[in-house]
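K.L.:
The primary structure of each chain is shown beneath.
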Amino acid sequence: MFPFIYEFHWTPVHVVFLGIFFSVVLVILSTVSIALLRAYKAFRKHEHEAIQWEAEFEDLPAAARVCRHQITGEILQRTCNHDFDCRSCVVHPTFLVRRAPVLAPAGKEDSVFGFTMPLDRYYHRGHTWVKYEGEGVYAIGLDDFGQRMIGTPDAVELPAVGTTLRANGTGWTLKKERATLRILSPMDGVVVQTGTAQNGWFLKVRGGEPNVETRHLLRGEEIKPWIMRELERLQVAVSPEGVGVSLADGGELVQDMWKQAPQVDWDGVWGEMFLQA
Amino acid sequence: MDRQFIPRGLQRSSFTRFVAWVFPWILLLGLGLYAMYLCLAEGLHHTNMDNRFAFGLWIYLDLTVIALGAGAFFTGFLLYILRREELKAVINSAVVLGFICYSGAVAVLMVDVGQPLRAWFTFWHPNTHSMLAEVTFCLTCYLTVLAIEYVPVVLKNRRFRQIPRFLVFEFELHKVMPVFAGVGTFLSFFHQGSLGGLYGVLVGRPFAFREVLGIWPSTFYLFVLSAAAVGPSFVLLTTWLVQKLSRKQLVKPEVLRFLGKVSGSMLIVYVLLKAVDTLYWINTTAPAEGAPAYTFYTSQGFGTWILFAEIILLGLLPAILLLIRRLRERPGVLVGAAFLACCGIVMNRFVMTIQTLALPTLPFDLLMSYVPSWQEVATFLAIVAYGVLLYSLSFRYMTLFPQERDIRQ
Amino acid sequence: MTACPYHARYFNWWDPQWPEGTDRLLNPDVAPRMRGVAEKCNFCHGRLHAARTKAAASGNKGIAAGDYVPACVESCPSRAIVFGDLADETSEAAGLSRSSNTFQFLPKLGTAPKVFYHSAKEWVRKMADRAPVA
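Residue numbers (my numbering), protein chains in the order written: chain A, -4 to 272; chain B, 439 to 847; chain C, 17 to 150.
These are calculated hints, taken from the structure and not from any lab test.
Everything numeric in this text was worked out from a predicted model, so none of it was measured.
Some hints here could point you the wrong way.
Beta-carbon label-pair distances, calculated as ranges [said to hold, decoys possible]:
no.: 1; chain 1: B; residue 1: D803; chain 2: A; residue 2: H4; range: 23 to 29 Å
no.: 2; chain 1: C; residue 1: N43; chain 2: B; residue 2: I720; range: 39 to 45 Å
no.: 3; chain 1: B; residue 1: R603; chain 2: A; residue 2: G68; range: 31 to 37 Å
no.: 4; chain 1: B; residue 1: K690; chain 2: C; residue 2: A24; range: 57 to 63 Å
no.: 5; chain 1: A; residue 1: R39; chain 2: B; residue 2: Q442; range: 50 to 56 Å
no.: 6; chain 1: C; residue 1: K130; chain 2: B; residue 2: N721; range: 27 to 33 Å
no.: 7; chain 1: B; residue 1: E523; chain 2: A; residue 2: T89; range: 42 to 48 Å
no.: 8; chain 1: B; residue 1: R441; chain 2: A; residue 2: R39; range: 41 to 47 Å
no.: 9; chain 1: B; residue 1: R603; chain 2: A; residue 2: P88; range: 34 to 40 Å
no.: 10; chain 1: C; residue 1: E55; chain 2: B; residue 2: D803; range: 18 to 24 Å
The beta carbon of each residue, even a glycine, is placed where N, CA and C say it ideally should be.
Please work from the sequences and hints to get the whole structure.
P.N.:
Quick look at the structure:
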């Protein structure tokens, strides 16, 4: 093949055979390199949060990816194929034309099976709420449903002031019983203040226009059907076979579900309910 | 104890039970590794092959697992090239199986070959007229492709995916996966075929020799077809087996039925062509070499029943069973037919290696017999153990069956 | 080894072992190789190379007919083996190969072997091939 090997003669068969082989090798190597390069560039551009969400969303079970318009009964059956980003979904505006749910004034609450869901704010499917406080600042917290599922976390790690958050990216992390839970950020913005569970909010974020920033969040009449569905999902996640621990109908949920039923795979349940695959 | 590594929402047995399952296979692997060491360090006299019986258990198994492992490339082809999205449910499992089959085959080959340390000769001093050189090139490339296809499955592990670099790389790799599926199909076509191409030059064995059709012997095309036919059946069979062993439903029944349908369609074409090829061999090829076909079937144990078993019982019958929808919908028939199809290919590879070598060549030769030595059997079992171990690890810590979670609900 | 129907290929199933002292009896020009290598009769090609080298050294183009024979031909006491250049029409080997009492094993396979056998006995010649097709 090479000058070192004597008495070797190139024939057309050699050219064809070795040509094909080395082209295949080239294709394989270059494709891997392209993937590596793209990954490096995406990483540099901090796109890994968006990619992470896209990948996680794909791996969520179908029941977790139900479109908000199926929840409210506006459409019979639709699974979200847009990573819950209603801002750029082509189907979502067609529903808004017919009926757009609105925020209620402060003080109005919905009590769904004992969960207190104030209706003056927006809700993210990952169980965080967003409240516009004026002058481009939004408050973000964990809703009652999420609160009761986790109880009192062992540790809360909030992002530093000045961190850029992306919708459906990482908001903050909680640690409980050897499990680390990522709470998804409900919106894009820059962190201006951090809070605690006592404050009632965890983050204050500077974002853009309220109607633009929050189009993908649930509000008003969407909350009740959503929470009912989440309860169903929680029931299934807690005991998939239908036996063992169950949520009694008609009862109220306790403050800390984890304490009441320690044998349940809470890490799996939290992942399921907080939208992590 | 290892809950954090197990994918969310899936139920797996306790760590202790898993260790108990894995332990005997590790022992088996250890024994096999010792047998391999003996063969490599002391010589191949540890096997029961000899100067006249040069194809033994290992070559037979190599051909068989490579044919069965074709499920990986064919499922990938159907999913990524032909866009049959229902196969997303089994592609990860198929890739792992393919990786196990091919890496196992290469490992056994390294022991079977007399000088494994000179394996690089094939690349540096290629004999481009040799079918086996072509097989070596293709196998090396394809093993690389399979490893690359295995990487995303591993990177999607619950803990690994939390590392942003891994997740982003996996994402980008997944975007270019059709390229690898295409390359894999191209390579598989050639190495499956070239393993059959050997019989175009094997003039010394009229039983196996086949004449050239175009530029390759008929066995080239038959081997490709048989591998493509048995691949989906093997994926079907293993999925069923894993479901049985884990007592869980892992895929929706439509997926298995689809695999059965594909397998049946390829199988009927294969059986037809094989019948034509066999008739041609009986009437033209064998007599031209001075050996009427019936002479190969007079020995005890290798009667004409082998021919009928391979083509009719283990070829035509499963093909028909898999093609009739009403029968396909009965799980017992589906799995049974897939099993028969796999047995048919196993038998075909047996006939082309062991029977070929056993038959006499010179007119005064007698039929030869061969029983593998314990070292050969142990090496083979080591590969099986390696496969079970790798698959068990993958099943426990990675998402091999994406539909499992949906089915649970 | 699979391809050869004449059982003329031999595999080194183990390393050659020589009892103490017997390695001094070995011919330095010829030796079996290590385990894992396939061997065959190569008509003592070492002798062929030696003959060619010798011819080249004395300025000749090629080797003459009797310059090179394999060791078995040279040592056969009943001179039962004839070796020569089949392409050379005048050689004894070529002449014998055309005799009606000369045969090859399995001639219809298309292997074109360079080993011919010669026997005056018909039953011996019949053993070279399978029964003819009716």
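K.L.:
It remains to establish, for every hint, whether it holds in the given structure.
P.N.:
Hints versus structure:
1. One distance hint, 23 to 29 Å for the beta-carbon pair D803/B and H4/A, is violated here, with the actual separation near 39 Å.
2. Between N43/C and I720/B the CB atoms are about 50 Å apart, so this pair departs from the stated range of 39 to 45 Å.
3. R603/B and G68/A have their C-beta atoms about 43 Å apart, which leaves the hinted 31 to 37 Å range violated.
4. Take K690/B and A24/C: their Cβ atoms lie about 58 Å apart, and the range 57 to 63 Å holds.
5. Checked against the hint of 50 to 56 Å, the pair R39/A and Q442/B fails, with Cβ atoms roughly 30 Å apart.
6. For the pair K130/C and N721/B, the supplied restraint of 27 to 33 Å holds, since their beta-carbon distance comes to about 32 Å.
7. The hinted range of 42 to 48 Å is not satisfied by E523/B and T89/A, whose Cβ atoms lie roughly 26 Å apart.
8. Between R441/B and R39/A the CB atoms are about 34 Å apart, so this pair departs from the stated range of 41 to 47 Å.
9. Between R603/B and P88/A the C-beta distance comes to about 37 Å, which sits within the given range of 34 to 40 Å.
10. At roughly 21 Å, the beta-carbon separation of E55/C and D803/B lies within the given 18 to 24 Å, and the hint holds.
The structure is inconsistent with the numbered hints 1, 2, 3, 5, 7, 8, although it conforms to all the rest.
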